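Residues per chain are reported as follows:
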Amino acid sequence: MTGHAVPRALHPGAWWLWALGLATAASRTNNLLLLALLVVVAGYVVAARRTRAPWARAFRASLILGAVVIVVRVGFEIIFSTDPGPTVLVDLPEIPLPDWAAGVSIGGPVTLQGLLGALRDGAQIAAMIACVGAANALANPSRLLKCVPGALYEVGVSVVVALTLAPQAVEDVQRLRRARRMRGRTDRGFVGFASVALPSLEGALQRSLQLAASMDARGYGRRAQIPDRARRITSALVLGGLMGMVLGLYGLLDAGSPDALGLPLVFVGGILAALGFRLAGRRSVRTRYRPDPWKSPEWITVVAGAVPAVVLVLARVADEAGIVVPVSPITWPVLPLLPVAAIIVGLLPTWATPPQEGPEETVIASARTRSPVSAVYGQAQLPDPSEVPL
Amino acid sequence: MIHFESVTITYSESSAPTLRSIDLHVPEGELCLVVGRTGSGKSTLLRAVNGHVPHFTGGTLAGRVTVAGRDTSTHRPRDLADVVGVVGQDPLAGFVTDVVEDELAYGMESLGLAPSVMRKRVEETLDLLGLADLRSRPLRTLSGGERQRVAIGSVLTTHPSVLVLDEPTSALDPGAAEDVLAALQRLVHDLGLTVLLAEHRLERVVQYADRMVRLTGDGGLVSGDPETILATSPVAPPVVELGRLAGWSPLPLSVRDARRQAGPLRARLELVAVPPSAVPTPDPATPGTATPGPATPAATRAELRGVTIRYGSKTILADVDLALFAGEVVAVMGRNGAGKSTLLGSIVGLRRPDSGTVRVGGQDPQGMPPHELLARAGLVPQEASDLLLAETVDGECAASDEDAHASPGTTRRLLDDFAPGIQGGAHPHDLSEGQRLSLALAVVLAAAPALLLLDEPTRGLDYPTKRCLVQVLRASAAAGTAVVLATHDVELVAEVADRVVVIADGEIVADGPTVDVVISSPAFAPQVAKILAPQAWLTVAAVAAALPEAG
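Residue numbers (this note's numbering), protein chains in the order written: chain D, 1 to 390; chain A, 1 to 551.
Just so you know, the hints here were simulated from the structure itself, not pulled from any lab data.
What you are looking at is a predicted structure, and each value in this text was computed from that prediction instead of being measured.
A portion of the hints provided could be inaccurate.
Stated by the list, open to error - Computed list of lysine-lysine pairs in DSSO-like fashion (alpha-carbon distance at most 27 angstroms, straight line):
no., chain 1, residue 1, chain 2, residue 2
1, D, LYS295, A, LYS120
2, A, LYS466, A, LYS530
3, D, LYS146, A, LYS120
4, D, LYS146, D, LYS295
Construct all of the structure, not just a fragment, from the sequences and the given hints.
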């Protein structure tokens, strides 16, 4: 589609909806071929549309995490073999356990059926992690937080602040440990770490105060004057709406309740709460600088995620062949045509979205100095190494 | 624009008021410079302008502070956000977002300006401060000067009529500081902004000031023309001190003004054949004890051969050769991010070189256990407080004696030499910047290291504390210690250094006696050298010592 040639960032919400759609699809099947296809689709879109921003490497991290999940799941199966399938591969010596641990066994026969089942379970979780990782890699986290409704703005800001302070705290610890070495003390091991924990906490606290002062001086927390009556109405709407939703959900889940207590109440409650949030948002005078637009590429992306989700959910309900593969007898998984086609629809964003435009590539410290925080969040906002003070 | 009417500010934990019955009026469109010793209430004065004191800090404010007609007692800082812009000492600590463009827009978003207005103002501000190329850069990857300009830009977008800056250039190299000050001057001249600015480095800013406010330290202040205030001020930049020495009137504030009056002085100094400042001496009574290292067979304290250090794909140090000798003071200069800190870090083994060798006292500092390193090399890091680990000053001194295997009381004795009268029960965090540096310095010197390294020691130090530091460093050098300081402070270098090493992009581009290296450099020459060029004088003290000779 050449119509979207102008590079711009896609709305982060669209990426998340797309990724959650794929993840939903992954949660409905244990067919290894379908799961692999889902990961490949997510990976292809990431490769085509990610930026060079630090968080864009989150996808690889999520693949590694997924692999760990599979290994752990299969490992557990070998140790606590639970599936008494017919095809025994190895018979490990069993460790007798006391009576109170009845039902749990360590060791014993390891069966092909058990391993295969564990592999499928693990692969399902790994595929879902990969889908979420794809969203992480594609959507700018700070822009996503900008999309929160006005009433929840303060919550959004605290998350942003936490995300920026975490790498700084890691940096603090590194700096202080080096300073400990200059005092002739050890900078290694638990003692080395413990001696810097308190000072680095102090530093973080001090920085938070400075940041709070700066935000205050720049108009954070300004409020529009709202008449008391309007404020009371807002609170009533939010509270009433949320209570309605809770009651409605109860009605939905409890088979014995009258029908009127179910869906309709959830619906009405949802509308009331949304209205309340909207009104509450008016108290905040904030405006947004260059908000991400929501146009046709966003819609296409969301649909591309929704199609696999809906098709696999329906196929699961209809118990179509190849969606849930039985453990025994062991068969080669089949590729059901319709779900495969639906998953391939997930590739649409590759062509339907404009090229992404992100922050320029930053100098990232080598793997050795990469902080654990950055590995987890994919938020490697490390400073230019030459600027790091001793 | 800014009115202080008999303002007294008292913090709850202190007995005496920090500011006492202050009356001050700063008219619109003036650049007002606030000076005074550390702890004299500069920050309090600045922070009172936007209501940060007392709304945020606590304490009591008697009297009235009004800005653009708004009383700070009824307006909180957030209600003054559209008239006062505040830029703190450490811009990074005040950034709320992560990208330049968003940071510029943040204040406007808080005020609820229309998106079209925001878009236009962001573009204007990017141009005004020369930030257009940086618009999508993450804030943490910017250099010090760029950060400071972004911080200024981020408060300018709300179109305030008053700009308040606390030591905007103290962490910057001379070039970056000029950029920031040039931007400020443009704001004052073109946009009629009122600027209130606190700065220790008078030599950088005094020429731009329309008015000067000196806090006397007892809670009072003196305000007036810079010339009038400086004529009697105990703190003055070298250009003013030279002017006083030579009896120039009107007192020059800039190098240019001084040069135009310096003809007769140059002629008088012409009669002294060789400027004695080849070895700069802060005190003419005791001529320099150290001579430039390489010329004499002094003991080598540390040696770097072909040291290269990389971070990822970026080379921080490239093939550096350097030898440090006993009894010399070496200044390492260069832009922010040129590799100065990394160089010092590699000497004490904080950073393993990717290639090349480092030897400290003949050994590799990498493998050395920390307590052995202590006696060979001591480093005072940029954040001196990093070095401190105890809850009280006394505890710190005791821990330091123990670490250094020194006799009890050694650290305290050293501390009293540098900064007498520090309460033993005080928490290191509550000390002033200068006191904290003194404590860190005492801790390092307690181990009597053969090599003393200081990273940016004069950030936030006032002139008297700096003078004290110069004496301490010269005394250490005289006792045979090799002293290395990484610094942007050209005046400090002129006072104390025997040898200057200039680093650019990780390479040593100049290494030689101070006079030879700095005199011809536009960025690194001290004010006295610029005024008296082509003669090679570095300090006012040297000129003063030579004048009687010249008759």
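Hint check:
The straight-line distance between the Cα atoms of LYS295/D and LYS120/A is roughly 24 angstroms, inside the 27 angstroms bound, and the hint therefore holds. For a cut-off of 27 angstroms, the pair hint linking LYS466/A to LYS530/A stands: about 21 angstroms separates their Cα positions. Using a Cα cut-off of 27 angstroms, the hinted pair LYS146/D and LYS120/A holds, with the two alpha carbons roughly 20 angstroms apart. This hinted pair checks out: LYS146/D and LYS295/D have alpha carbons roughly 18 angstroms apart, not beyond 27 angstroms.
Checked against the numbered hints given earlier, the structure satisfies every one of them.
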